[in-house]
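Asks: Sequence:
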Amino acid sequence: MEHGELRGLRYVLIAAMVSGFAIFANKFFVGVYSDAFVYTTAKNILAATFLAALLAFTNDMQQLRKLKRKDWLKLSSIGVVGGSIPFLLFFKGLTLTSAASGAFIHKTMFVWVAALSTFFLRERLKLHHITAALLLLAGNLLAIGLNAFTVNTGDLMILAATLFWACETIISKNALKDIKPSVVASARMAFGSVVLLGFLGATGRIGSLTALTAPQAVAALTTSAILFAYVTSWYNGLKLVSASTATVVLLLGAPVTTLLSATFLSAAVPTVQTAGILMVLAGTVAYVRLSPGGTEHATFA
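Each residue of the sequence shown is one higher than the one before, starting from 1 at the first, in the numbering used here.
Think about it this way: if two alpha-carbon atoms lie no more than 30 Å apart in a straight line, the pair counts; the simulated DSS-like pairs of lysine-lysine are:
id: 1; residue 1: LYS177; residue 2: LYS68
id: 2; residue 1: LYS70; residue 2: LYS177
id: 3; residue 1: LYS126; residue 2: LYS177
id: 4; residue 1: LYS177; residue 2: LYS66
id: 5; residue 1: LYS92; residue 2: LYS27
Cβ pair distances, simulated, as ranges:
id: 6; residue 1: THR150; residue 2: ALA214; range: 40 to 46 Å
id: 7; residue 1: ALA214; residue 2: LEU127; range: 53 to 59 Å
id: 8; residue 1: ALA225; residue 2: MET61; range: 16 to 22 Å
id: 9; residue 1: ARG289; residue 2: ALA262; range: 27 to 33 Å
id: 10; residue 1: GLN63; residue 2: ALA217; range: 29 to 35 Å
Rather than coming from a laboratory, the hints here were simulated on the basis of the structure.
For glycine and all other residues, C-beta sits at the position ideal for the given N, C-alpha and C.
Required output: the full structure, derived from the provided sequences and hints.
Replies: As structure tokens, this is what we get:
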């Protein structure tokens, strides 16, 4: 395995850990807001500000002057497709369906990314990759604890959001061939925030954003810092490994959330969920070791 690929896996692994912690933290902070759309917009704007500051203090800012029209088109597409619309669909969908159902649908993103990357990125998938993918799906089903599944409007909205994020992954992977990860991450959050602000304005919610209470401001500041850490590590990793492998490793965030809940909230982890977590770990390792990017001997050490 090449050094760059191994470094990319480590970045994505960090992103997965941050993602798992973010979901755990959001359980506390989202309750501070009466409107999930306002909460999402506030933290995304702050994350975009942090990323802009990072560009300002590094040489990466210079690349903005060299970007061509096609590059700006890709970046704006990433912001709209990944940084705005899916957030609105996802949070609205969660209010219309169960958390377990929503979580499982979101965790299928790696399936859509794998399918799209085969056609648009020419990543090759073999039978053993499909076998590992089925193990991952089954493991997530058990780990999340979803007992029954009936499709409703909320589920369809979350599925649409998941498909948007899958498409964004493909666009981002293509953009990262010529554009630095920090620029892609900044564009995603900046363009996405503009769309979210437009949505708040169109729906009469903009006043809530400008009248945050102290607890709401602290919540937005904390989660935006977590989001900053996530997008920074995620795009650095996505640049170096295949899109399908990156989204598979990202699944490790779910066990992190479960373990944090068990540790700090004394939440019981049934045997079935434990088995699901082990299946996710096994499926991830199997997929990465056999990934199309030539990582047959990959380890995270």
